[in-house]
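Make a model of the complete structure from these sequences and hints.
As a plain string of letters, each chain reads:
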Amino acid sequence: MVKSVAQIDSDRSIVFAILTDFASYPQWVPGCESCVVKSAAGKTSTVEITLNSMKKIVLGLKFDAEADQLLKFELVSSKDVKAYAGSYKLMNASDGNGTVVVTELELDAGPMAPKFMVDRMLKKTLEETGVALRKYSKEASARKPASETVAAPAAAKKKPTRSRCVLRITRTANGEQIWYGGRTFQLK
Amino acid sequence: MNMNRSGSAAVPCEPALVYEILSDYGNYAQWLPGLKTSQLLAHESNFAIAELEFHAQPGQKMAIECIHAPNQMVVARTLEGNEPHLKIEWNISPADGGRSQVKVKVETPLNLAFLTSKFRSALDPGRMLAALTGVAAGYGEGPAGDKVIEIVETEDGLICWYRGTKYQMKATS
Numbered sequence: 001m002v003k004s005v006a007q008i009d010s011d012r013s014i015v016f017a018i019l020t021d022f023a024s025y026p027q028w029v030p031g032c033e034s035c036v037v038k039s040a041a042g043k044t045s046t047v048e049i050t051l052n053s054m055k056k057i058v059l060g061l062k063f064d065a066e067a068d069q070l071l072k073f074e075l076v077s078s079k080d081v082k083a084y085a086g087s088y089k090l091m092n093a094s095d096g097n098g099t100v101v102v103t104e105l106e107l108d109a110g111p112m113a114p115k116f117m118v119d120r121m122l123k124k125t126l127e128e129t130g131v132a133l134r135k136y137s138k139e140a141s142a143r144k145p146a147s148e149t150v151a152a153p154a155a156a157k158k159k160p161t162r163s164r165c166v167l168r169i170t171r172t173a174n175g176e177q178i179w180y181g182g183r184t185f186q187l188k
Numbered sequence: 189m190n191m192n193r194s195g196s197a198a199v200p201c202e203p204a205l206v207y208e209i210l211s212d213y214g215n216y217a218q219w220l221p222g223l224k225t226s227q228l229l230a231h232e233s234n235f236a237i238a239e240l241e242f243h244a245q246p247g248q249k250m251a252i253e254c255i256h257a258p259n260q261m262v263v264a265r266t267l268e269g270n271e272p273h274l275k276i277e278w279n280i281s282p283a284d285g286g287r288s289q290v291k292v293k294v295e296t297p298l299n300l301a302f303l304t305s306k307f308r309s310a311l312d313p314g315r316m317l318a319a320l321t322g323v324a325a326g327y328g329e330g331p332a333g334d335k336v337i338e339i340v341e342t343e344d345g346l347i348c349w350y351r352g353t354k355y356q357m358k359a360t361s
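If you read the protein sequences in the order shown, they are chains A and B.
When we follow this note's numbering, the leftmost residue of the first sequence carries the number 1, and every step to the right adds one.
When we follow this note's numbering, the leftmost residue of the second sequence carries the number 189, and every step to the right adds one.
To be clear, the hints were calculated from the coordinates, so they are not data collected in a lab.
Values in this document were obtained by computation on a predicted structure and should not be read as measured data.
Errors might be hidden in some of the hints.
Straight line, CA to CA, 27 angstroms or less: simulated DSS-like cross-link-like pairs of lysine-lysine [claimed, not checked]:
(1) K138/A to K249/B
(2) K124/A to K82/A
(3) K249/B to K123/A
(4) K275/B to K123/A
(5) K123/A to K306/B
Footprint (simulated), chain B over chain A, 3 or more residues, beta carbon under 8 angstroms [said to hold, decoys possible]:
(6) 2-9
(7) 37-49
(8) 87-94
(9) 117-129
(10) 163-171
Over 10 angstroms on every C-beta distance to chain B, these chain A residues come out as not near it, computed from the model [unchecked claim]:
(11) S13
(12) A17
(13) A23
(14) W28
(15) C32
(16) S34
(17) V102
(18) G110
(19) P111
(20) R134
(21) Y136
(22) K144
Ideal placement from N, C-alpha and C gives every residue a C-beta, glycine not left out.
Following this line, the structure appears as structure tokens:
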């Protein structure tokens, strides 16, 4: 299993729409040659996707979606790999600027491909996919009419719930004591 | 192969405050040894994603996932499949006199490159606990004596007490 994080400067709804627009995957997913939707019912879709990076592989995947939150996928058929599964988890960025996507991916390519090599390749793939998603969602946001764009909530600066000392100088019986940055200095 | 180190200390404040400090991932760089920057990326109920930059690897941001149980536990670890593998687990329990007993368990790689890097000293449980105790002291009254000057961050901004007089500080840049 390899995980990756990507910060996307677009609304969660836009990112989710891109991730669930399977037919458009060849437009932005690195190495995706084709993606054909085989069935779609409610929250579940099955697709046949052809990826060509180091080696050409064809995967039958089942996607399960929870609107604007989570998209899980698992392998239903493939002659090329033994296992392929993962998810996209969508979260609001804490700075109020877009979406944070946490991607998980697991691939078992069989005994001929050592796990450490596969994981290294997956990490690179996830990073490239994050960059591509960032670029594609920016273009999608630009295409969307301004009236349909939901402004992201302004980044609220977190106010301290408790009073916290930043600097304190106290004259004690043993001389001046300075407290700063979690450390105490004694002057004599 | 991983190496586990742990430590325990009594921190002079209640568990709720310890938890508040430990789950404030965006402010880790202000007190956790060896950290250059820290940024909270996303936060949802008991799960958060943050990004840390260590002095040991300047310029390289490390994404971590964090899980927390209020007033009891905070776990921060690098995302699976990413290097170096780090896991910091804090356990908090109430102790006598309004204090907290805090245990920290640090899991790091066991290899020569890591052991000779600055990560090793930064992620020393003893140093981390001392830093936590130090930062917790910032929420207390401080030592007995005459307070010459005290600057406090409050809900209303920065307040300065100077020789018994209170001043409201105003940002000018």
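Right, here's what the structure says about each hint:
1. For the hint linking K138/A to K249/B, the alpha-carbon distance of about 23 angstroms falls within 27 angstroms, and the restraint holds.
2. Simply put, K124/A and K82/A have alpha-carbon atoms about 20 angstroms apart, close enough for the 27 angstroms limit, and the pair holds.
3. Restraint check for K249/B and K123/A: the C-alpha separation of about 15 angstroms stays at or below 27 angstroms, so the hint holds.
4. Simply put, K275/B and K123/A have alpha-carbon atoms about 19 angstroms apart, close enough for the 27 angstroms limit, and the pair holds.
5. For the proposed pair K123/A and K306/B, the alpha carbon gap of about 25 angstroms is at most 27 angstroms, so the pair holds.
6. Coverage of the segment 2-9 of chain A by chain B holds. Counting CB-CB distances below 8 angstroms, 5 residues qualify, and the rule asks for three or more.
7. Counting residues of the segment 37-49 of chain A whose C-beta sits closer than 8 angstroms to any C-beta of chain B gives 0, which falls short of three, so the coverage hint is violated.
8. Residue count for the segment 87-94 of chain A with a Cβ under 8 angstroms from a Cβ of chain B: 4. That meets the three needed, and the coverage hint holds.
9. Residues of the segment 117-129 of chain A with a Cβ under 8 angstroms from some Cβ of chain B number 3, which satisfies the need for three, so the listed coverage holds.
10. Here's how the segment 163-171 of chain A fares: 9 of its residues keep a CB closer than 8 angstroms to some CB of chain B, so the rule of at least three is met and the hint holds.
11. Interface exclusion of S13/A from chain B stands, the closest Cβ pair being 16 angstroms apart, more than 10 angstroms.
12. Taking the minimum C-beta to C-beta distance to chain B, about 19 angstroms, the non-interface status of A17/A holds against the 10 angstroms cut.
13. Distance to chain B confirms A23/A as a non-interface residue, since its nearest Cβ pair spans about 29 angstroms, more than 10 angstroms.
14. Consistency note on W28/A: stated as away from chain B, and its beta-carbon is indeed over 10 angstroms from all of that chain's, at 22 angstroms minimum.
15. Its beta-carbon lying about 21 angstroms from the closest one in chain B, C32/A satisfies the requirement of being farther than 10 angstroms from that chain.
16. The Cβ of S34/A lies farther than 10 angstroms from every Cβ of chain B, with a closest approach of about 27 angstroms, so its non-interface assignment holds.
17. The Cβ of V102/A does not lie farther than 10 angstroms from every Cβ of chain B; its closest approach is about 6 angstroms, which violates its non-interface assignment.
18. At roughly 19 angstroms, the least C-beta separation between G110/A and chain B is larger than 10 angstroms, which holds for a residue marked as non-interface.
19. Every CB of chain B lies more than 10 angstroms from the CB of P111/A, the least distance being 20 angstroms, so the non-interface label holds.
20. Listed as a non-interface residue, R134/A keeps its Cβ farther than 10 angstroms from every Cβ of chain B; the least gap is roughly 14 angstroms.
21. Chain B leaves Y136/A outside its interface by the beta-carbon criterion, the shortest separation being 20 angstroms against a cut-off of 10 angstroms.
22. For K144/A, the shortest C-beta to C-beta distance to chain B comes to about 22 angstroms, beyond the 10 angstroms cut-off, and the non-interface label holds.
This entry does not satisfy hints 7 and 17, going by the numbered hints stated previously.
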